[in-house]
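Colleague: One letter stands for each residue in the lines below.
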Amino acid sequence: MNADRPRKTETRRMRGGTLFKMWQSELTNDGSHSRDLDSLSIAPPVCGPILLSLAPAGVVSWQLNNPRLRTIGCVFERGARSKNREVGGAEPGIGRLKRNNNEEQSRCSLLPAPRNTRVRPPRDLVKLEDRLRLLLEPPLETLLTSRGLRFPFPPFGYQLDGVAFLYPRPEAVLADEMGLGKTMQAVTAIRLLAHQGQLRRILLVCPKPLVTNWQREFAIWAPELPIAVVEGGPDRRQFFWREASQLVTITNYEALVRDRAQVCIPDNHYDLVLLDESQRIKNIASTTNEVVRAIPRSRSWALTGTPIENSTDDLVGIFEFVAPGLVNGQVKPKAIGRAVADHVLRRTKDQVLSDLPPKLFREAELDLSPEQTESYRLAEDEGVVRLRNLKHELTIQHVFELVLRLKQICNFDPTTGASSKLERLEADLAECALSRRKAIVFSQWVATLTELRSRLARFGPAEYHGQISQARREATIERFRDDPNCHVMLMTYGAGGVGLNLQFASYVFLFDRWWNPAVEDQAINRAHRIGSQRAVTVTRFLTANTIEQRINQVLEQKRALFDAVFNETTAPTNGGLSRDEIFSLFDLRMPANTGKAA
Amino acid sequence: MMHPNPEEQTAFGYLSALHSPEHGYFGGYLLVSALGRPLEFHCTAPVRPSRAQEILYGPTLPSYLVGEQIGSTLLAAAQLTPGLILTDRLEAIGALQPPAVPLVLVLSRQASDNTGNLHEGLEDGGASTLTCEPVSGANHLWSKPFAALNYQLRYASGSESRRAEIVALLAKLAERVDLAEPFGRIHEAIREAQRIGGHASDERGQAA
Chain A
1 MNADRPRKTE TRRMRGGTLF KMWQSELTND GSHSRDLDSL SIAPPVCGPI
51 LLSLAPAGVV SWQLNNPRLR TIGCVFERGA RSKNREVGGA EPGIGRLKRN
101 NNEEQSRCSL LPAPRNTRVR PPRDLVKLED RLRLLLEPPL ETLLTSRGLR
151 FPFPPFGYQL DGVAFLYPRP EAVLADEMGL GKTMQAVTAI RLLAHQGQLR
201 RILLVCPKPL VTNWQREFAI WAPELPIAVV EGGPDRRQFF WREASQLVTI
251 TNYEALVRDR AQVCIPDNHY DLVLLDESQR IKNIASTTNE VVRAIPRSRS
301 WALTGTPIEN STDDLVGIFE FVAPGLVNGQ VKPKAIGRAV ADHVLRRTKD
351 QVLSDLPPKL FREAELDLSP EQTESYRLAE DEGVVRLRNL KHELTIQHVF
401 ELVLRLKQIC NFDPTTGASS KLERLEADLA ECALSRRKAI VFSQWVATLT
451 ELRSRLARFG PAEYHGQISQ ARREATIERF RDDPNCHVML MTYGAGGVGL
501 NLQFASYVFL FDRWWNPAVE DQAINRAHRI GSQRAVTVTR FLTANTIEQR
551 INQVLEQKRA LFDAVFNETT APTNGGLSRD EIFSLFDLRM PANTGKAA
Chain B
1 MMHPNPEEQT AFGYLSALHS PEHGYFGGYL LVSALGRPLE FHCTAPVRPS
51 RAQEILYGPT LPSYLVGEQI GSTLLAAAQL TPGLILTDRL EAIGALQPPA
101 VPLVLVLSRQ ASDNTGNLHE GLEDGGASTL TCEPVSGANH LWSKPFAALN
151 YQLRYASGSE SRRAEIVALL AKLAERVDLA EPFGRIHEAI REAQRIGGHA
201 SDERGQAA
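These protein sequences, in sequence, are chains A and B. Everything in the first sequence is counted per the working numbering, starting at 1 for the first residue and increasing by one. Everything in the second sequence is counted per the working numbering, starting at 1 for the first residue and increasing by one.
Treat each hint with caution, since some may be false.
[Claimed, not checked] A few chain A positions that, by computed beta-carbon distances, are all more than 12 Å from chain B:
1) Phe76
2) Pro207
3) Leu456
4) Gly460
[To be verified] Here are the computed distance ranges between Cβ atoms for each label pair:
5) A/Ile220 to B/Leu149: 28 to 36 Å
6) B/Arg163 to A/Ser298: 47 to 55 Å
7) A/Glu254 to B/Gln79: 51 to 59 Å
8) A/Pro154 to B/Pro21: 37 to 45 Å
9) B/Ala174 to A/Gly494: 26 to 34 Å
10) A/Asn501 to B/Ala174: 33 to 41 Å
Just so you know, the hints here were simulated from the structure itself, not pulled from any lab data. Ideal Cβ placement from N, Cα and C applies to all residues, glycine included.
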C-alpha cells in the first residue's frame, strides 16, 4: 500500500495543466472528438474487432470496425498564438534587454560543433505536460541560435550540458571543479531564460572580490543583459535596492547581510537568486545562510567548486537555500549523494577536458633545518606540557594556537630565519625563471609572504593578499601577467583562492597547507583552468615528522569523504576534522564538557 | 544587434511511431515552428492488432495501423495545419490519402537506397523496448529518393508537381533545424507518456 501512495499523488498532480491545454480525446470513425479530462493514462491496446455475419444466401461476410483510438495532446502557448495569428518576433521579456550593435554581433561566432544538447526534465517534475514541454523543446543549440544568441568563443560541449542542466531546474547546484567555467554556464542559462521572458529579476550574490569578475563575464557572454551592482555606502546601496530596475542585480555577501531589511521583504521577489561560491553559506546557523534563505524567490541556484569542504553538513547548509529539507546531515554520505543527485551537477577536468594540459603533483617532503628542528622540538614539548597542565581549562583555541605556532616554525625558524622550504623554493623558482615561466606561492599567513618577498626579491615577486587594497589587486594581476621580470606571485589562500584566472602560471607552490583540501584545490585551479597552455606543476611542501604530516593525513580523509558523496566510492563515514582529531594531534584527550566538530 | 525572431507562421508537422512487442504501436505527432520550437503535440495509446487482423491484413497491417489508424487520427486531432508533414515511417503514407498537405519521408543521412531502410543513423536511444523498425508494404507509394539538405528524402507519390514547393519549405526549416532531429523528441515524449501513463494504469489496476 505504501508503495502506491506516491503514484496516486503523481496522478492527481498530473491533472489539469496550467501552461497549456491538455486533453484526452477519443476519436470516432467520423473524426469527431469527445474530450475527457479525467485521466491521462495510456489505455489498454485497442484495435477494432472483426465482426462476422452469415448472409441469408449462406455467404459469410466480414467487416472490420475502425478502432476508437485514444490520444493525448497539448497545444503550447506558442502554438495557441500561432493558431490565433498572434505570432511575432519578440517574446515576453526580450523588450527589456539591451540590443547588441551590429559590429559586436559580427565579431561574435555562432555555436561551434554540430551537437544536439537536449534539455531533460528534472526528476521531481511530475506533471506530464510539464515534462513533455521540456522533452519537446528543441536542442539547446537550436534554442540559442533561434534567438540569435551568439558566443564570443565556442563553448565546450560539457558547458552546454551544464546550461541544459540549469535551464529547466528551479533548484540546482552547479558544482563543477574550479576552472571549468561555471560562471559562463550560469550566465548563458540566465541569458536564455531571460530572452524567453522566464527571468525578469535576478539577484546574484558573490564574494566581494568577484563582483568585477562577474561584470566582466556578463559583458563577454551576455552583453545585452542590463546589470546593476549594489555597492558603496549605505545610502547609495539603499537607493540601488529601491530603484534599480536592471535585469541582474549583483551584490556581495557582506552587503546583502547588511541590507537584509531592504532585500528580505515579501514584495521584493526575484525570479532567480544565484549564489556564487556558495560554500559561504555552508554553516546553516550563520547569519549569511539565514539571510539568503529569507530572500523571496522562484529559482535557487548555487555555484560552488567545493560543495563539501569539511563535512556533509556543508552540503546541508547549501541545500537549505537551494531545496530546503531535501537533505539532512544525519544520513550516510551515500544516501545524501542519492538525495541530491538530480539537483547537483559535478564534473571534473579529468572527466570533461581531455585536452587540458595535465596537472602534476609533487610532494616535497623536506626535513626541517637544524635550527628549525631545535625550535620545533622545544616549542612542541613546552606547548604540550602547557596544554596538559591546563587540564579542564583546556580549550580548542589553546590547541589551535600550538598548531599554528608549530606550522609557522615549519615555514621559518623564528630566531635565525632558516627555512628548508625556502631553500627548496628558491631552487625551484630559479629553474622557473630560467625557463620564463610564472609561479604562484600560496601561504595562509601574510607574515610568511612578507618574509618570502624580501628573500625572493630577485624573482620580482608580486603580492596578492588581504593587505593589498582592492584597487591595487587588478594592477598586481596585470603586472604578474605582463612583466617578464615578475616570475612569482605571493598569495594567501583567502585572497587568491577563488575567482581569479591565472592560467598563464605554470607552477603552484603550497608553501604551507590549508585545513581542508577544497581550499587547496581552489588555489591550485587558479592556474590549472580553461586557457592553460602548459601543464601545471603543483608542489606541496611538507616537513617530515611534524604537525604538517599529521594534518595531511586528515586532509586525505576529507578527500575520501567528498568522493563518498559525489563519486559513489567507499569512504570513511566522516572525514571532518573533529575536535577529537584536533586534540589527538598531540595525543591529548578532549575534556568531558566540550562539544563536537570543528 | 539582436536579430528579431523570424516569423513562425509556417508550422511543420512531424509524424512518427514506435513499436513495442508488448504493447503494439504508439504514434506521435509534433508540430514545430520554422525555428523548431514545439507548437503542438499529440500521441496515441498503443495499438495492438488481434491475431485475426494479422492474418487478414498480412504484410499491409503496419501500413494500416501506422498510416490509416495512428497517422490519420493524430492529424485529425491537431488544431494547427502545417505547411508540410515529415515522417520517418514508410508506413505513414496512409495518414494522408489523398495528400492535402505534402508528406515527406526523411531517410537517414547515410541511407541512399530505396529499399525502405529508413532509420540508420537516426537517434532512437534509450533503454526502452520501443523501437522504430521499418517494415515493407508501402514502398511503392513514395517517390524515388532524392538528396537535399543533407538527407535522402522521398515525397508521397502524386506530389511530384509540388516538388519545388516542398523543397522550398524544407529549406526554410533546415535553416534552423536538423530535419531529422524532431523525430527524436517525439520518441522521447512517447516513452515518457508511456512511462507515466503506465504508472497510472498500474495504480488503477491495483485499486480495482
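Colleague: Each hint needs a verdict: does it hold in this structure or not?
Modeller: Here is what the structure says about each hint:
For A/Phe76, the requirement that its beta carbon stay farther than 12 Å from each beta carbon of chain B is not met, with the minimum near 5 Å. Distance check on A/Pro207: its Cβ is at least 32 Å (rounded) from any Cβ of chain B, clearing the 12 Å threshold; non-interface status holds. Look at A/Leu456: its CB is around 50 Å from the nearest CB on chain B, clear of 12 Å, so calling it non-interface holds up. Consistency note on A/Gly460: stated as away from chain B, and its beta-carbon is indeed over 12 Å from all of that chain's, at 46 Å minimum.
For the pair A/Ile220 and B/Leu149, the supplied restraint of 28 to 36 Å holds, since their beta-carbon distance comes to about 34 Å. Checked against the given bound of 47 to 55 Å, the beta carbons of B/Arg163 and A/Ser298, roughly 50 Å apart, stay inside it. Between A/Glu254 and B/Gln79 the Cβ separation comes to about 54 Å, which falls inside the hinted range of 51 to 59 Å. About 43 Å separates the C-beta atoms of A/Pro154 and B/Pro21, a value consistent with the hinted range of 37 to 45 Å.
Our hint of 26 to 34 Å for B/Ala174 and A/Gly494 is violated, since their Cβ atoms are close to 54 Å apart. The hinted range of 33 to 41 Å is satisfied by A/Asn501 and B/Ala174, whose Cβ atoms lie roughly 39 Å apart.
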